[in-house]
Structure formats: structure tokens, C-alpha cells
Amino acid sequence: MDVSRRAFFKTGMAGAVGITVFGFDARPLLAQASSLKISRSTETRSTCPYCAVSCGVIIHTIGDKAKNVTPQVIHVEGDPDHPINRGTLCPKGSSLQQDIQNERRILKPQVRRPGSDHWDDISWNQAIDEIARWTKKTRDATFMETDAKGQTVNRCESIAFTGGCTDTNEFNYLAVKTMRSMGIVRLENQARV
Amino acid sequence: MTNGWIDIKNTDMMLIMGGNPAENHPCGFKWAVEAKLKRNAKMIVVDPRFTRTAAVADLFCQIRAGADIAFLGGLINYAIENNRIAKDYLVNYTNAAFIIKDGFKLPEDGLFSGFDAATKTYNKSSWNYQEGGNETGKFVPGVAGEQPAHGDEAKAAVMPVSTAAKGAASTPPPPPPPSLPPNIAYDLSLQHPRCVYQLLKQQYSRYTPEMVERITGIPKDQFLKAADLFTSVRTNGDMKKVATIIYAVGWTQHSFGTQIIRTAAMLQLLMGNVGRAGGGVNALRGHSNIQGATDMAGIFDILPGYLKVPSPADKDLKAYLDRITPKPAKPNEWESFNYWSNTPKFMVSFLKAMYGNAATKDNDFAFHYLPKIDRNYSWVEIWNDMYQGTVKGLFAFGMNGVMIGPDSQKNIDALKKADFLVVCEIYPDETSAFWQAPGITPDDVKQINTTVYRLPGAGFAEKDGTFVNSARWLQWKNVALPPPGDCRLDQDILAQIFLKIRELYQKEGGKFPDPILKASWAYTLPEHPSLSEVAKEINGKALADISDEKLGVSLKAGQQLPGFAMLRDDGTTSSANWLYCGSWTEAGPMMQRRGTDDPSGLGIYQNWGWSWPANRRVMYNRASCDLAGKPWDPTRSQVWWNETAQKWVGNDVPDFKPDSKPEEHMGPFIMNPEGVGRLFVPLGAMADGPFPEFYEPIESPIENPLHPGQSNNPVVKKYKTAMDKYGTAKEGYNIICTTYRLTEHYHYWTKNNPMNVELVPEPFVEIPAELADQMGIRGGEKVKVTSARSDYIAKAMVTKRIKPMMVDGKKLYQIGMPIHWGFLGISEGEGRTAKTPANLLTPTVVDPNAYTPEFKGFLVKLEKV
Amino acid sequence: MAAASAMKTTDWDKRIHRAVELAERYPSAAEILAFYRHILEFQKTLFADVACLSLPAAGGKAAFREQLDLDIAVQQLPALLSLVQRTGPAKLAQEAAEIGRASSEQKREILRSFLLSTDGNGPESTHFFARVLFQPQAEHLAVAQNAQSVDSSASVCPVCAARPQVAVLRPEGDGGKRFLVCSFCSTEWEFRRILCPVCGEVDHQKLSRYSAEDFAAVRVEACDTCKYYLKSVDMTVDGLAVPLGDEIATASLDIWAVEHGFSKVSPNLMGF
Amino acid sequence: MSDRGTLRIQQISAHPGPVAGEGVQRQDKVCKLIDTTTCIGCKACEVACVEWNDMPFQTTYFDNTYQTMPDTDWNYWNLIKFNEDQHDNGSFAWLMRKHQCMHCEDPGCLRACPADGAIVQYSNGIVDFQQEHCIGCQFCVSGCPFNIPKFNPNTKKVYKCTLCSDRVGAGLEPACIKACPTGCLHFGTKDDMKFLAENRASQLREVSGFQNAGVYDPDTIGGTHVIYVLHDATKPERYGNLPAKPRIPLSFTVWKDIFKPIGLFGAMLGFVGVVMHYVFEGPRREQPAPPVVRIDPPPPPAGKEN
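Residue numbers (the numbering used here), protein chains in the order written: chain Y, 1 to 193; chain X, 194 to 1058; chain Z, 1059 to 1330; chain D, 1331 to 1636.
The set of hints was computed from the structure by calculation and includes no laboratory data.
Check the hints yourself; a few may be wrong.
[To be verified] Taking lysine-lysine pairs in the BS3-like style, the calculated list, with each CA pair at most 25 Å apart, reads: (1) X/K977 <-> Y/K137; (2) X/K280 <-> Y/K149; (3) Y/K149 <-> X/K511; (4) X/K433 <-> X/K280; (5) X/K977 <-> Y/K149; (6) X/K231 <-> Y/K137; (7) Y/K137 <-> X/K704; (8) X/K743 <-> X/K711; (9) Z/K1165 <-> Z/K1102; (10) X/K231 <-> X/K511; (11) Z/K1285 <-> Z/K1264; (12) D/K1565 <-> X/K993.
Let the sequences and hints guide you as you build the complete structure.
Dropping the structure here:
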């Protein structure tokens, strides 16, 4: 639509004099409009994280980032457009909202030190520094450039990476890229188990 | 799945076995119900338990856990004996007509030819085709006639010929080259005694209904009912109808799991059901992106797109590519697309994606940046080696290894020996809390020196990116809300750890830092890699201006590739996974498409998401047509040869060389160098035999009725640490046990959700009523299940849904338990469970092909607590 | 497509009843709805007349309006003008009076020009008269043509190529499947969720839904990219809603939307 | 949202005189169809019921079955009953039946109810409890042939499935219907549902070999507004005590037949009686004749009712 038409429609509703273009009295409408409590929500397409049927879901989120309101999920709807599930969900999918907003979630990084019987809080920076240090130390101590026959192997057998079956392709690729680049050969996910 | 979820609605017959889709895939199962309602399709369910899937089946057979090959082998035998096979399909689309080398031996005694008892491996040189071209009709059948009815007669007909042939049997031939012959000998009449069909027939002639009953515990009359029903779609060889086989981890989780699936695939090839709408061999995968995680090679033995991981003997890229790139092997008169001949393009493009400019022709495209392997590093090996002290660090991103097992206690004890453990999770999980496992005393804790980091990751709704479903559909999801609290996106956590490691190597140097320093990391925000950017990288792009006249495509450097046909092996393209090439093109993110049109009504949905390979929804769909390129069933037309256009067209993307005329006789199974489906798997692809043979589970209550002298899979190895114990019936472990999931729960995740916990609050053990009566166990009473490893305590569910069974003349009982409870969760926290994960019981032993542990069908004792 | 279910005269009654009901529920729109009801009653009689006529063979989209019978509309115009003068809002009544004074040739031209326009559903009052007169015919023709759209992203009516008036969500499993309702022939066609019907935006962050407690089932679906909006009537919340009527009854949402910088995809019969 | 005003009332418990609107504005009879032969017992309908009706989560206990709890409860109105059905000839079935109020055409609960307006039947067939009028006497519990009404000891009121009368009143289908992934649940007019059900039953007879397949819509109570397709309609008891010939206890039929014609006076007497009873004896705990069907079962014997 062109701009002029848009402008025209804009004035189509209520003119300055409080009547609509057809001459209806717009004042009650204007009054109501000004008292409406409007909430903004968005609909996000997503995929159920459980089995591999991959039911489409639409997640309804309220909250406006611009207005500094923490987004809240108010509803998880079976995606009616999804050709496989056609809007239906199983009992797990139906209760997805509980998974998204669950009081049992872990919310901060923690560390359990050697010999300790409890968790300690740790900052992200500290945790990442320490993990990187552990990884480098372990890798450097055990890295094999060649095997007994003198063949190039460039591998690290002392560190393993597991996971990815409920994470994205893209995450999995980053795992392959980083782990293989470190020479890590023990890379496994739920495919076998 | 070779086919897809919606495609199940196109079937006439379902064999659901080794899977329980009504419980584990309810919304996918609707399409099975649709087939029943709309097509009057029949459903046969074979399972150790009468499940919720069985509840809506037309026929249920209770099978002994692990006896699947015997059942399926029996079906093959039945189909052959009753001429319920797809003759044209068999001759032209499978290797039925190919002649196998002299010297190959079937496993009447439990061993194929070439077994080396010392190493428990096979020399597979005799598992190969004979060279020599068309032998059709050259073999004159012996006195036994052309269709011997019984195994013994078949043997009689075959054996003299095989030993007499070429007169070379007495002197051992030199070791054959480890490759397939270029001009395979074949007999289109299928009469040659060493043609695959005759060998197959002979192999499964031993799987008589009587033998099936002895092994599986399914009474002969019930088996015959099932066999008659399933094969009825091919009555008198009529090709109109289609049957599908649907399975899940009930097949994979055995010490012969891959061979079960092969038996199913062979049955489907024999009956001409592969490649067709409503047919196929359909694995129902259990996790939202386990398919994608496997495609992307989150497992030790492959690189993305199922490329093989290099081995130390591959001294350079060329040696590696020469080893892994197959050459066509077929009858001279036939064509073979041999799609894997493009392997060099896939591999070089992968290396370019991984290492960018650091991958050059001069350095073999950074081939040696990749680690080389020559042993098994799979899941149980990680834990076994950690237990033995050689694995010192573990990253676990959303994977609860303690709960997953097998042998949870071994995994807990292994973690005690690690230096560090990094867990990224959304709920507190048993793996990060292994040092708090029940039974660990305050003194014990002091002795555990593992440093454990528990990092709060993001839930599915907080991340975007692609999941791949069971039907190979790539589907993008968007971010619905940010992670709560201090949680971070998993990809950010991984990136930040990697970049920190890279920083350390930059500053301090270290062992072989090159790949770490040079891995391509060109993301706009390196510490927050955008998954859109990663997805585009996975699809791949042109690195120089390239064009392909035949395809009519020309691309500028930097443009996204339209599909894998544009990949190059000279470093001018990059693509992290050739299978996904086409998923994010210049036209945009194909996996984000939401087109709801389905003009054919077959449920293809070409414009919804994107399906690998090349957006085709049913694999091998060339086989849905007869030799002339016409659909076997015109009411389910998927693809066909268009004579006017001189190409393959259709409702689906043809899985074929688009311009290969039917008369060229190109095989529909384009990923095999033979171009045809493999009833017989030659050479090295399978560790334990070119044909599936029934073996007992490692823990079995009986000796294998086929060959008691070789009861188990001969190439399976037991583990030898102090933790690895295997039970026998003699020691009193005489109840067969299996594990599974429930509709109401998802693995170890929903035990944190109040609604799911309300639906099924506590762990339980399903016990046959007859056994419970004998033992005086009443429903709801606590029982202890003990395996050679450990024990498990839960309440008894006394049920008539599991019957006692007569197996090889012995009365046997099976019990089972869901896996969903551990020591952290709502019910666990309320003190309502014994906090004994089910996988405390399961043994460390794996399938020699896929390295999947044998979670199904191990031995236990049962007692009242 | 669940759309284009055969239109019957009872459907007009349903619309009329709903307009009455809505007028009670939403006093702010009572005046508009009262007039809308008169129009519906008028259209109902028109529909009864055209329903017994034989229809021309189905033509292409572009030709849709050409298939409508101008003579019938011309013939019914005086009755409509008189109705509007009696029951319509002042400006429209005045317009009706003016048209009434025009020559019969001019009257015919007003209606003919509507048929020649491709998307003549503007808020101009001349369009109002033409729309009221042609709509029953259009609905009748549309049902007969029963055009099926395979494309769930068509932003204009697959039958008559007019813009959508309102979106409607109908139950599909646990969710609501979206259809768009044509502003002219009232055909419903399937239209995917999370997609702007004007500019094709698919970024969910730019597709906001604005709802008010006052209207449980009606909300504004706006696009931050093109700044257009369409109201949607959620029949998974209120299965008794009649989308076209509920769209009119929630006029205050339009005011809110316009005040917040959004423009409506297509004005409704009542001129907003 | 919950706009029950759009439903026309047909019968009101203990209400004297004619019912407002009765016979004046009839609506189509509604009906829920449950095809037990394609139900996979996934419980998505249970979740939908809990969520729609905003029920509090409750602690459940393992009870030797896949069934969420032994029976429906005042805050759990929709329960799939799992029944192991062993036949002497060796054949076996695992029958799953979604159990909830049947919305009888002749509702025993309503007949039994002495409180004016506590139970209403809309002209579309839905039987609904109006807790604000409920006096907690639990006569309805005794009157129900399906053991549906459940007493909440805290609020002293009785509750049951409303067939989502609030949703139906708003032109929607009940919450359970929309949740079903296999499509074994349908909702529509009674005529349409009967047609669908009979078609499915004949498919079962002709194609699937269930010779006794049929539709459960018992005429002893004038039919129900929840009907089942059963593999074996001759033996509904197998589906978790679904009575073949459900009957309202005689005393309640008589109660209604005697008192209703007397009109206001009789009903007043009845009501006064109940109030008096309440005043002097407190809320009823035990039922007068007929005896309560609902007895807390002993620990189930091995293998019973899974």
C-alpha cells in the first residue's frame, strides 16, 4: 500500500471533531480506547524439546524488552500450522510451560571443590578461566602427536565431551569444531544410549 | 526414518517392533491411527510387554527381549516360502542376483567364514562378490529342483557346488584385495547356488516357525498369523500394497542391535517396501535433536555428514580419501550413481569450514589438524577408561551420564577418578551431583577429588537454532525469552570456554596449538556466536567465483551454496556438513519455511522446513517405480520418469540422477557403490556377518537353540574391570529384564515438572502376575531387582500384560522398568523413591557395529523387600 | 480449507443476532452496531434475492467483480439510500441524500466504478453503498466458485483479490489455525501464523499482538515493519464470535492502534 | 469467558414449577464421543482438564497401575481407566477408557439432589453442578450410576466434570477434546456423534474383526451425552466397571416422581428436611439408602485393574 492511502486510513477512524468518517459519534470509543489496558505479546515458533516427532509449538510471551519488562511465557500452544502435530500435544508437550518456567532451574554457576561436600558459588569468569586451565593442563599433559608406529595422530584421549541431543545442530557443530580442534576424540551423544 | 511421520498414513501394514510409539511418540503415532481409520491398515505389534501401542494393534505377539532377529528371520523365510516377495524389485533393485565368492560360509555353527577366535574378529575377505559379469542361466539346478522347500535340501543342493567350484578349495587363495570387484557376477534367474538370494534363502530356511517359537517364545500359530498378515501385502507378488516397519531403541540396544535393523531392512527389500510411500524402515528417534546431533557428528567415529574419521594410517589427505571413497562396483551392464564418489568434495569443503584460510592445498587442507583414531572411543569406553584412570576431564552438556548408564555405579565410580567435570544443565542432575549419590558417606566425599563445575545453561525456548526430527526434517526455532537468572546460552558457554583456551595457547603455547589457534571463528560476536551465522556456515558458501554449466548455476565468492552438487574438492567451497548443503541458501533459511501446501495429499510438505538430503522426504524413492519408471501404485505417486522431459519428476525430490533413463538400469540405492539395496553386506561394513544371525543377549537364560556352541555374538567383547560382572542363569539370574520410557515422562527431565510427576509419581517394576503370585508379591509392594552389577528398589506393578513364556522348552519370565527416576527430582526430593536409577542394573556390553549398550534383555533376580 | 463453507441465509441471521448481542455488550460501539444491524438485515434480503439467480461460470480473480450484476445493485440502491437516510449516521445519511438527488446515470456510474476498481473497499462513502449492494452477490458467487488456495501465505482473497478484513483463529488440535476473512466476499482462506499479511514479515519480534482485558477474543495483530495491523478474532476463546461483527464491535482497539502509529489493512463496512 | 448464560437450562434440581426457558429455546443436544479403540491412554486429556479447570496439583501415589489415581476426584474430573482384560480363551486386551461424567439424559444426580439449583441440566444435555447452591448432602453421589460426583471435605461441596460447560457456552469444544493427539475424542451434536460412532463401530466389525463392536449410549438413563465406541459393546463392565444397564436408584426416581408434581410445597418440604438434617446432625457423612457405591477399596490384589 502506498503512503497516501495509509495516511488516508489513519484519518479514517476518528477525526479531530470526534466523529468517524461516516459520522458516527466516536467519543465513547475514544473514551474506551484511552482506558484500555493493552498488553503486548509475541508468538514464537518453536519445537518441542522432547521426542523427535518435533511437534511445532507456539510460545506466547508477554513483556516488552524496550520497556524493561522481563518476558514471561503465558501459554504454549500446539502449532496449528505444523503438518505433523497439527496443533496437538502429548501430556509432556502440554505441560511445557512448566519446563520453561520451573522453580527447580539452576540459576547460577557453582563449583564443587575436591573433598568438599557442598556447592560453592563461582563467577562465570572464574569458572571459565578454571575450566580453560584444566582443559589446557590435561590436554598438554596427555596429547599424542604420533603413535607407536610414528604415524601422525594429533589426539587427546584424556578429555571427553558428551551431549547435544537436545541442543541444536549449530551447537553440535560448534562442539565438533572446538573439540576436534583440541584433538579430542571422545565425542559422544545420546545416539548410542 | 527412510520415510516420515506423516507418511505413515499412506501405509497398508505396520510392523511395530522394538519401539512403542503410542507411548513415546504420541503425536507421531496419530498417523498410524490415521492409516488404520482411513486405509483400514493393519498394525502388528511385537514387544516383550503388552504396551499402549499394543492396545490399539490388530495383532500382538509377546516376544522374548532380544529374540528379534529370530522373528524377522522367520518372516523372511515365510515370505520366501510363500512367494510373498517382490520379484522384479528384488532382481533389479537389490543384490539378490549377485554371486558371492566361493569360500563364503553361512553360520550353521554360529560362525561365518573367516573367524579368528584369538582376536574375536572376522577376516572378511570371503564376504565379497565374485567377479565375472552375467552368469544368468549358466547354472543348471541340481536334482533337488529349483525351489527346494527345506533347509537341508537347499544345503544339499548348494554345498557340493560351492566346494567343487573352480577346484581351488584345497589350496588357500591369496588374500583378496579389500575392495569390491568392478564387474560383479550375477544371475538374474536367481538360481545360482551362491547368488545372494539363494544364500539368503538358505540362511533363513533354518528360521522355521518351530525354531522361531523355540527362540522367541511366540507360539508357532501366533507367529504364523503375524507372518501371514505382514506378508499379505505381497500376496502373489502383487506390488500395489505397502508395508512399513517402525522401530526404536528396542532394536538398537542389544549386542546385535544393528543386525536386527538389517534384518528388517532385508525383509523390506525382499518385499519391495523400501523407497515407497507408506513403506520403509523407520527409526523413531527419542530425543528432539538426536538425529541432528548425529548428522553433525557428535559421535566419535564420524565427521559431519557421516564422513569417516581419519585413521593413523592415512598419512595424508589423499590416502584418506582413497581409502574412504568407494568406487562403483556393479554388473557391467548396469549403472551405479555411487554418490559417495563425491566424498573428496564433501571432505575438503568440511575442512575449509573448520579451518578457513588456514586450510590450503599446500597443507592438505589442514587434514592433520584433525585427530586420527584407530580404536573405539564410544560412550561406554569413555566411562570404562575414566574408571581406569585415563580419562581425566569430562564435559557434559545436557547429558546425564550417571543416569544414562549402563551400570550407573561404574559411571559414578569413574567420575570419582576424574580431575574435572563440567556440567551444563538446566536442572540439578545426578551427574553433576554424583558425589552426593546415595550411599556416599561424609568420609567418602572427602576422598573424592573431582572438581565439578555446574553451569546453568538455557532451555529450549531460550535458544534459537535447528532441530532435526526423526523424519530428517530440519526445523528452525526462535528465541521466546531470555534465559533466567545468571543462565547463559549453551553455545555462548562453549564459545567462551574455547576462546579462553585459545587465549591460553596464544599466550603460553602448548602441545600442537595450531588447530586451536586456527579454527575458523569468524562470528560477529565471537563470544556469542549467532546460530544463524553458524547455520549458514554449515550450509556452506562459495569461496571463489564458481559455476557449473550443467546445473546452470554460477556463484560469486561469498554466496551461499544452493546444494551439495556445487561442492568442490579444490578449496573453492566450504560446507561444514554436505548433507545440510541447501538448508540455508541465497534464497534464505530453507529450514525456516512454513509452507503448508501438500498438493499430492501424500503428506510430503515440500515447503515446510527442509529435509536432508536435498529436501527429499522419502529416501530411495526411485524404488517406488517399476523398471520403466512408473509408480508401482499410481494412487501413491511419489516420483516418476517423464519421457517427454527426459527426466525424473514428481511430488517429492527424486532420489536419483535426474536424467538417468530407466533403460540405463541405474540402481535406486545411490549411496551404495553397487547402486542396489544390500541383502548381503559385503566386506567390512558389518563386524559380525554379512547376513544377520540370531545370537543370544550376553546375559541369556538359555543356550542359543540354533547353535548352542556359539550362543552369543562371537565378536562382542565383555569388559574386564572389577565393576564389570555378567550374570548367568546358573547363578540365579534367571529373569529377563528390560528398560523403557513412559508417555508421561521424558528421560530424566520431566521428573522436575509437577504435572508429569502427578501423572506418574514413582518408579515401578512391571512383573507378570503369574510370577508375582508364585513369589507372593502384591501390587504396590516393594521389590528388589538385582543384577550382577547392582540392585534397584521400587514398587511392584503386577500385571497380566506380561505373560510367562516357553522358550526352548523352559518357562521364562520377563520384567521391566521405566528409567525416569534417579536421586534428584520432585518425588526423589520428597523421599518417595528408593533413589536407585534403573541403569544401576544394566551391563556394560555393546553392539559391535554401533557400540550401543545392551539395555534391553539382561538378567536379574527378583525378591520382595 | 475449512473456509468458504456454504453461505446460507441463516448465516445472515447469525450475524444479525451477534450484532445485537455485541451492541449490548459494548455500549461504546452501540450506535455503530445498531446501524450495522440494519445494513445486515438489508443485505440479508438482497442475498435471498441473488441466491436464486443462476451464476456465471467461474472466471479468474481479476474478472471477479465483472461477474457481479450491476443492474441488481442499481435497482436496490434507492432502498439502501432510504435506509441510510433513516438509520445511518449524519454524514452518511447526508451522502445518501446527495446520491439520491443524482441522475440515474450518475448513480449507475458510482456503482460501476466500484466494480472497475481492484480494491475498492476504501472508507469513501460511495464505496460504502457499492459494497453493501454487491457484497451479498459477491458472497454468493464466492461460495459457488469455491476457489481453493494451496498457498497459506496469500495476502489477498484467493477468490476476489480483495484485502482481508479480519483474521480468525479456529480450533486445530490444541491451537488456533488462522484464516483471513475477505473484506468483500467474506471468503475465509488459510493463512499461516506468525506472518504479516501485508509485508510478509516473519520475525516474531516484529509481529506484536496487542490485547486488552475488555476484549478476550479480539486483539490487534500489528507489524512493526510495515506498520499495518489486522484484528484477529480468536474462536478458540470465544466460539460464538462472528468475526466480521466482532471486528466492528471492537472499534476502540482500532483507535488504540491508529493512535499508536498503525494503519489498518482494510477499512470495514462501517468506514474504519 | 465462562459464559454459561448462553446455555439454556432444561432441568434444575429440586426446582418447583416449570423450568425457565424449557422447550422455548432448544439447542442441539451436544455429545462427546470417545473411541476407546484408538485411545492410547496418553493422558493429554487429563492434563488439559487440569489446566483448563485450574486444578491444584496433588500428590498421587503408585497404585499398581498406569492409571493416574484410583478414581476421579473432586479436583480431578477426567481420568483414563486402564483395565487389563484377560479372557478365558487366552485372548487379552488392555482397555483404556477415559472416565468422566457421562452427562446422562436422565441424570440420577439431579434427581437425587434436594438443593434448589445445585444441579442443572442444560437443554443441550450438559449436567452441571452449581456449587454455590450445593448443600453438601451428597445425595447426588448415591444417585449417580457411574460414581462420578466427588465431595471436597474442605469446601463441603460436590464437584465433577462440567463437560466444560463454560467452554461449550462460549461455542467451544471441551478442553479434553482439543488435546487428544490421536483424534479419538470428538465433540458435536448427539446426532452427528452417534453417526460417527456407529460408522467406526461398523468399521471395527467389518474390518478389524471385533464382532461385538458397538456404541455405548445406555437407554436405561435415556442415553448419555458422553458416548463410547467399544470393541465389545456387549461387555462394557470390562472397561473399568462401566455398567451395561446403568440405573438410577429407585428411591431417587420415586423421590422425584412424588415430589416434583407437588411443586413448590413438596420441594420446600424436601429442602427444609435437608436443612433440618444439616442443622441437627451436621453435614452428611454417611449416606441413607440407597447405599453408597463408593467404598474405599482394600489394597488391590495382585494384578487387579491395571
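Results for each hint:
1. X/K977 <-> Y/K137: violated (44 Å)
2. X/K280 <-> Y/K149: violated (51 Å)
3. Y/K149 <-> X/K511: holds (20 Å)
4. X/K433 <-> X/K280: holds (13 Å)
5. X/K977 <-> Y/K149: violated (51 Å)
6. X/K231 <-> Y/K137: Given pair X/K231, Y/K137 is violated - Cα atoms ~63 Å apart, limit 25 Å.
7. Y/K137 <-> X/K704: holds (10 Å)
8. X/K743 <-> X/K711: violated (36 Å)
9. Z/K1165 <-> Z/K1102: holds (22 Å)
10. X/K231 <-> X/K511: Roughly 54 Å separates the two Cα atoms, so the pair is violated.
11. Z/K1285 <-> Z/K1264: holds (10 Å)
12. D/K1565 <-> X/K993: holds (19 Å)
Violated hints, listed in ascending order, are 1, 2, 5, 6, 8, 10; each of the other numbered hints is respected by the structure.
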